[in-house]
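Protein sequences, first through last, are from chains A and B.
So for the first sequence, the working numbering puts the first residue at 127; every next one is plus one.
So for the second sequence, the working numbering puts the first residue at 54; every next one is plus one.
Calculated directly from the structure, the hints in this document are not laboratory data.
A few of these clues could be false.
Stated by the list, open to error - Taking lysine-lysine and the DSBU-like style, the derived pairs with C-alpha atoms no more than 35 Å apart in a straight line are:
#	chain 1	residue 1	chain 2	residue 2
1	A	K302	B	K249
2	B	K240	B	K143
3	B	K118	A	K302
4	A	K186	A	K128
5	B	K132	B	K166
6	B	K239	B	K181
7	A	K527	B	K101
8	A	K527	A	K302
9	B	K166	B	K118
10	B	K249	B	K239
11	A	K564	A	K302
12	A	K533	B	K240
13	B	K239	A	K233
14	A	K564	A	K421
15	A	K302	B	K181
16	B	K239	A	K302
17	B	K239	B	K118
18	A	K564	B	K181
19	B	K101	B	K181
20	A	K302	B	K143
21	B	K239	B	K132
22	B	K118	A	K233
23	B	K101	A	K533
24	B	K101	A	K564
25	A	K186	A	K564
26	A	K564	A	K128
27	B	K143	A	K533
28	A	K527	B	K143
29	B	K181	A	K527
30	B	K143	A	K421
31	B	K132	A	K533
32	A	K233	A	K564
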Amino acid sequence: MKLLETGNKISVADIPDRSYNDFRAELIDSCGGGKGARIVSLFALREGGNRLIAAVADDKAGTISVTSTLVDSTYPSLTPALPQVHLFERELFEADGLRPEGHPWLKSVRNPFATDFSRMGGDESHEVAVGPVHAGVIEPGHFRFQCYGENVEHLEISLGYQHRGIENAMVGGPDKRTVHLMETAAGDTSIGHSLAYARIFESMAGVMVPARAEALRAIALELERIANHVGDLGALAGDVGYLPTKSFCGRLRGDFLNITAELCGNRFGRNLVRPGGVAFDVSGDEALALAGRLKSLLAQADEAVELLWNTPSVLARFEHTGIVSRQDAIDVGLVGPAARACGLDMDSRSDHPTGMYRYTAIPVSTSLSGDVYARAMVRMLEYRRSARFILDTLASLPAGKTTAESKAPLASAMLAVFLVEGWRGEICHCAITSADGKFLRYKVTDPSFHNWFGLALALRGQQISDFPLCNKSFNLSYCGFDL
Amino acid sequence: MMRALNARLRQGYRTNPFPAEDPVLSPRYAGLPQLDPGACNACGECEKACPTQAISAHTAPSELKLDLGRCIFCGECEKACDQGAISFSKTFRMGATEREGLVLGKNTEMRIKRLNDEMLRCFGHAMKIRVVSAGGCGACEADVNVLETIGFDLSRFGIGYAASPRHADALLVTGPVSGNMELALKKTWEAMPDPKLVIAVGACAISGGIYRGMPEVRDGADSTLPVNLYIPGCPPHPISILNGLLGLLNRLP
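Bound conformation, chain B alone (with noise of 0.2 Å):
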C-alpha cells in the first residue's frame, strides 16, 4: 500500500495542459499540409507520388488541391514537388464538419462548426461515445482509446466511452467499413436513441483512406451514416481528435 502511494507521489501529474496550452510535438510531427499555388508549375509529380489521390494538381497551378479526408501524411508529395509548393506544417487543429472543408485549396475553409443550441444544450456538458471500429488497423483506435488515459483525461470535459450504443449520444467510426462490418456499424447506429451524431476519425474511415476503391471495403463512414465530423490523419494525433470534440461542443477557448 506505501509502496502504491509513493509510486503515485513520484509518478506526479501527467495531464496535458490541451487546451489551455498547445502542446510540444516532435518537431518532426508532420500537420496539416500548406499549399502555395504560386509555386506550383502543374507538373504532376506530387499526384502521381500520391498513395491515396489526395492531391491533384495536373491542370494548372491555380487548381492545386489536396484532399486532406484522403491524405496519410505520408509526405511524399513533398519530397515530390521541385517546387516546394507543398509543406507539412505543425499545426495540429485538423478537422471539419463538412466534407467539402478538407479539401485544402482555393475557396475553401477547413472549419469546425459549433453544434447548435439544441445539441449543445443536450451534449455540451456531457457527450458519452460508442466507438466501433470497421476495418480500423487499430491505430486510430489506440489513439482515441488514448484520451481516457491520465494523459489527456476525457472525462474532466464531460466526454466518456459507453459501452452499450443504447447509453450512447454519438458514435465514433474508425477504418474504411469493411463489408463484414456494415451490418454492425448499421445496428449500432440504430440502436443509439436520438439525437445522435457521427464522428469519423481517419482516413479510412473519412475515404477509404489506403483501401479505398478495394472490393472489400465501403470507402468511409459516410458510405453508411450522415456524418457531423470528420477528423483527418493516419491515424490523428490524439490532440487533433480531442481538439476535433472539444470544437464541436464549443468548449475550445
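Same shape as in the complex, but just chain A (with noise of 0.2 Å):
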C-alpha cells in the first residue's frame, strides 16, 4: 500500500499495482481482524483491464493508503475475511461485473427489480414485505421482515429505487452540472458532498482555500449536522409516541435549516461551496445577529431535547432497543454516530481534518450501549457540540477572502480521496482523472452505503413494531446509497 501525499493525492502511475494475493493479504493484514484500519472505497477502474483500487483509512494514524490489482472477470472474494467489503463486492459484481467467488450473498445493489430474498423457511415463520412506497413522507426502499412469532429474525433490505446514475454523469467532468451533482446526491447533505467534491477539485487543481472560506464552510457543515440531529431527536420522540419533543423540535429543525438560509439563500445549503472557497462571506453583524439566533434556538433546543431523558415512557422504549454490538459495528464497517453509538472513537474531523477542523478540535461524542439510547445520546452531544464549535468560530472569523480565484486544470492522471464527516457520518469521495485532466472515475460513497446493513442487524430479535424507532435512529439516506 502506499500512502497518500499531500492534499490527499498520488499520481495514478504511482498507486501499487500489487498481484491478487498480495493485494489482499494487504488488505487482510491492515483491515481485518480490527486492526484499526478501514476499506473507505473499493472500485474498479475499467481502462486497460479490469483494476481494483482500495483507498484504506487508518484513523489512528491519520493516513489515507491505495493499493490495486489486476483481476479478471471473476476473483477470489474479500468477504468472508473482511466483511466490511461486502456491498463493496456485490456493487462490482452489478456495476462492472466482475464475480467475487465465494462472496456469501451476491445480491444486487440498485437494482430492486433483480432482488433475490433471502427468505427463512419452515411452517411457523412468515414474511412482511413493506414498501417501496411507505406510510410516510420519506424516500422508496423495499423492507421484507423475516419473523418468527412477532420476532423479526432478519430484515431484507432491498434499494436501489432512487438510482439516478449519478457516478456516471460524474464522469468527463468537472463541468457546470458537477458541483449541483454533488449537492443532491443526499439532498439532506447538501454541504457534506459538496465540500466532499471541492476538496477533491482544489486538491487536483492545486488551489489554496482562504482561510475565511474554510470556516464559513466549517460553520455550515455543522449548521447541518445539528437540523439533522434536533430534527431526528424529534422524529424519535414522535416514533414513541411522545409528542411535545415531537412537535418542538420539528419547528426547530426548519429555525436551523434557515440559518443556513440566512448564510446562502436556500435552506439545505446549496449554492454555498463551491471549488475555491464559498460563494456567500457574512459581515460581523451578520455573524453577530447568526450567533445571537443560534444560542436562542439553542436553549430552545436543549429544552426540548431535555424532556426525552426526563420521561420514563420514553427512555423504556430507547433503551435496549436495536443493538448493535461493537464487534458487529467493527465487522460490517459502520461510520459516523451509528458506529460511535457503539463506543467507536472514530469521526473524521478528528481523525483525517481538513479546513478549519486542523486547528479547532471538536471532542468525539460516543456512548457504549449500540441501542437507540445511544444513538440518540450521540446525536444530542453532537449537536451542543457543533454549536460550541459554530459560536467559537463566529467569533473569531478569520479575514480575508472568501475565495480563491483559480482557473486551473485538474491535475491530469491523479487520484485523490476525502473524507468528510456529515451527520450522518463518514462522506468518502474519491477521484481519478485522465491524462487530459477530466473525471475517469468519480466514486461517492454516502455513510448510508456502510450503515444500512447496520440497520438490518439492529432489527434482528426485535419486533416489526420497533422497526420506525430503529429506522429513524440511522436515518439512512437512500438517495444517497442509490446516487
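Take each chain as given, in its own frame, and dock them per the hints.
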C-alpha cells in the first residue's frame, strides 16, 4: 500500500500494482481482525483491464493509503475474511460484472427488480414486505421482515429505487452540472457532499482555499448536522408517541435550516460551497446576529431534548432497542453516529481533519450501549458540540477573501481521496482523472452505504413495531445510497 | 409532566401566519427571477452558464426566456449577465397549473388556476395527499414534510398526508422519476380513487432538473402522469408549496 501524498492525492502511475494475493494480504493485514484501518472505498477502473483500487484509512495514524490489483472477470471474494467489503463487492459485480467467488450472498445493490431475497423456511415463519412506497413522507425502499411469531429474525433491505446514475454523470467532468449533482447526491447532506467534491477539485487543481472560506464551510457543515440531529431527535420522540419533543423539534429543525438560509439563501445550503471557497460572505453584524439567533434556538432545542431523558416511557422504549454490538459495528464497517453509539472512537473531523478542523478540535461523541438510546445520546452530544464550535468560529472568523480565484485545470492522471464527516457519518469521495484532466472515475460513498446493513443487524430479535424507531435512529439516506 | 407543560408554555405559539401575512425570508433568498429583455444584448452568456438549460437568449433580446420548471435557482445566469437583464427577486409565490405558464418571457402568465367548482366541492375543505419520492434527493421531501409540523400546521387548512393511496385525493411527486420508481409511481396513481390530482414539486419533478436527459431518469412526472399543479424550486421553499396548494384550493385571501 502506498500513503497518499500532501493534498490526499497520488499519481495514478504511483498506485501500487500488486498480484491479487498480495493485494488481499495487504488489505486483510491492515483492516482484518479489528486492526484499526478500514476500507473506505473499493472500486474498479476499467481502463486497460479490470483494476481493483482500494483506499484504506487508518484512523489512529490519520493516514489514507491506496493499493490496486488487476483481476479477471472473477476473483476470490474478500468478504469472508473482511465482511466490511461485502457491499463494495456486490456493487463491483452489478456495475462492472466482476464476480467475487465465494461471496456469501451476491445480491443486487441498485436494481430492485433483480433482488433474490433471503427467506427463512419453516411452517411457522412468515414474511412481511413493505415498500417501496411507504406510509410517510419518505424516500422509497423495499423491506422484508423475516419473522418467527412476533420476532424479526432478519430484515432484508432492497434499495435502488432512487438510482439516478450520478457517478456515471460525473465522468468527463468537472462541468457546469458537477457541483449541482454533488449537492443533490443526498439532499439533506448538500454541504457534506459539495464539500467533499470541492476538496477533490482543489487538491487536483492545486487551489489554496482562504481561511475565511474554510471557517464558513465548517459553520455550514455543523449547521447541517445540528438541523438533522435535532430534527431526528424530534422524530424519535414521535416514533415512541411522545409529542411535546416531536412538536418542538419539528419546528426547530426548520429554524436551524433557516440559519443556513441566512448564509446562502437556501435552507439546504445549496450554492454555498464552491471549488475554491464559498459563494457568500458574512459581515461582522451578520455574524453577531447569526450567533444570537443560534444561541436562542439552542436553548429551545436543549429544553425540548432534555424532556426525552426525563420521561421514563421514552427511555423505556429507547433502552435495549435495536442493539448493534461493538464487534459487529467493526466487522461490517459502520461509520458516523451509528458507529460512535457502539463505542467506536472514530470521526473524520478529528481522525482525518481538513480545513478548519485542523485548528479547532471538536470532541468525539461516543456512547457504549449500541441501542436507540445510544444513537440518540450521540446525536444530542454532537449537536451541542457543533453549536459550541459554530459560536467559537463565528466569534473569531479569519479575515480575508472567501474564494480563491483559480482557473487552473485539474492535474492529469491523478487519484485523490477525501473524507468529510457529514451528519450521518463519513462521506468518501475518490476521483481519478484522465490524461487530459477530466474525471475518468468518480466514486461517491455516502455513510448510508456502510450503515444500511447496520440497521438490518439492529432489527434482529426485535419486533416489527420497533422498525420505525430503529430506522429513525439511523435515519439513512436512500438517494445517497442509490446515487 | 410539569416539566413538559412548562416547556410547552415557554416554546410558545410558533405557527407561521401565512397566508394572512407574508413570511420573513432570508435577505439572500432567491425567488422568482425577473427578466429585462430591454437590457439583454443576446450575448448568450447566461445560456452557457445555466446548468439545466433553463434559459435561452441566443437569438434576440426579445426572445429572452427562462423556464422556471427547469431552473434550480443557482443564480449562475445572474452572475454571467453583465447587462443586468436577469435578477432573482424575493417573490416566493411561484407555481402554475399549466406547464407553459412556467416559461417566463413574452406573452406568458404564471398562474395557479383554482380547481373547478366540482373539484372544489370535493377537495376545497379537505384534501389528503399521498407523497411519492421518485428519485428525489430528500430536500423537496423535507420541505413537503415540514408543512405538517407546527411551523406551518397544514391541517388547519384541512390538508394532510395520507398513508395509503386508497385514501388520497392528490399525488404529490418529487424527484425526476427514476426508471426504478416508474412502476411504483404508476401503481400508486392507479390505486387512488377518482377524482384525483397530481402535484409536481421541484425542478426534478417538473422537468428532470439537474438530472434531465440522464438515461436512468424519465425527466419528470409529466412523463408518467397528468400533472395539475407545478411548484418550481430546488427545493421550493415550504411557503411556496403551501401557496401552491392553497391557490389550487382557492384558499388564498
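Tested hints:
Distance restraint check for K302/A and K249/B: the Cα-Cα separation of roughly 38 Å exceeds the 35 Å cut-off, and the hinted pair is therefore not satisfied. Our distance criterion of 35 Å between C-alpha atoms is broken by K240/B and K143/B, whose separation comes to about 38 Å. Proximity of K118/B to K302/A is assessed by CA-CA distance (about 20 Å); at most 35 Å being required, the pair is judged to hold. Of the supplied pair hints, the one linking K186/A and K128/A holds, its CA atoms being roughly 17 Å apart against a limit of 35 Å.
A distance of roughly 33 Å separates the Cα atoms of K132/B and K166/B; the hinted pair therefore holds under the 35 Å criterion. Distance hint between K239/B and K181/B is fulfilled; the C-alpha atoms sit about 18 Å from each other, no more than 35 Å. The hinted pair formed by K527/A and K101/B meets the criterion: a straight-line CA distance of about 27 Å does not exceed 35 Å. For the hint pairing K527/A with K302/A, the CA-to-CA distance comes to about 23 Å; that is within 35 Å, so the pair holds.
With a CA separation close to 22 Å, the supplied pair K166/B and K118/B stays within the 35 Å bound. Distance check on the hinted pair: K249/B and K239/B sit about 13 Å apart at the alpha-carbon level, within 35 Å; holds. Restraint check: the Cα-Cα separation between K564/A and K302/A comes to about 13 Å, which is no more than 35 Å; the hinted pair holds. For a cut-off of 35 Å, the pair hint linking K533/A to K240/B is broken: about 49 Å separates their Cα positions.
Restraint check: the Cα-Cα separation between K239/B and K233/A comes to about 26 Å, which is no more than 35 Å; the hinted pair holds. With a CA separation close to 44 Å, the supplied pair K564/A and K421/A exceeds the 35 Å bound. Under the criterion of a C-alpha separation no larger than 35 Å, the hint pairing K302/A with K181/B is inconsistent with the structure, at around 39 Å. A threshold of 35 Å between alpha carbons decides the hint, and for K239/B with K302/A the separation of about 33 Å falls inside it, so the pair holds.
Distance restraint check for K239/B and K118/B: the Cα-Cα separation of roughly 33 Å lies within the 35 Å cut-off, and the hinted pair is therefore satisfied. For the proposed pair K564/A and K181/B, the alpha carbon gap of about 48 Å is over 35 Å, so the pair is violated. Taking the CA atoms of K101/B and K181/B, the gap is near 42 Å; set against the 35 Å cutoff, the hint is violated. With a CA separation close to 25 Å, the supplied pair K302/A and K143/B stays within the 35 Å bound.
The suggested pairing of K239/B with K132/B is violated, with an alpha-carbon distance near 40 Å, which exceeds 35 Å. A C-alpha spacing of about 47 Å is found between K118/B and K233/A, which places the hinted pair above 35 Å, so the restraint is violated. At roughly 17 Å between alpha-carbon atoms, K101/B and K533/A fall within 35 Å of each other, so this suggested pair holds. Distance restraint check for K101/B and K564/A: the Cα-Cα separation of roughly 19 Å lies within the 35 Å cut-off, and the hinted pair is therefore satisfied.
This hinted pair checks out: K186/A and K564/A have alpha carbons roughly 33 Å apart, not beyond 35 Å. Straight-line distance between C-alpha atoms of K564/A and K128/A comes to about 23 Å, which keeps the hinted pair within the 35 Å bound. For the hint linking K143/B to K533/A, the alpha-carbon distance of about 32 Å falls within 35 Å, and the restraint holds. In summary, the hint linking K527/A to K143/B is supported, as the alpha carbons are separated by about 27 Å, within the 35 Å threshold.
Of the supplied pair hints, the one linking K181/B and K527/A is violated, its CA atoms being roughly 50 Å apart against a limit of 35 Å. The suggested pairing of K143/B with K421/A holds, with an alpha-carbon distance near 27 Å, which does not exceed 35 Å. Taking the CA atoms of K132/B and K533/A, the gap is near 17 Å; set against the 35 Å cutoff, the hint holds. Proximity of K233/A to K564/A is assessed by CA-CA distance (about 32 Å); at most 35 Å being required, the pair is judged to hold.
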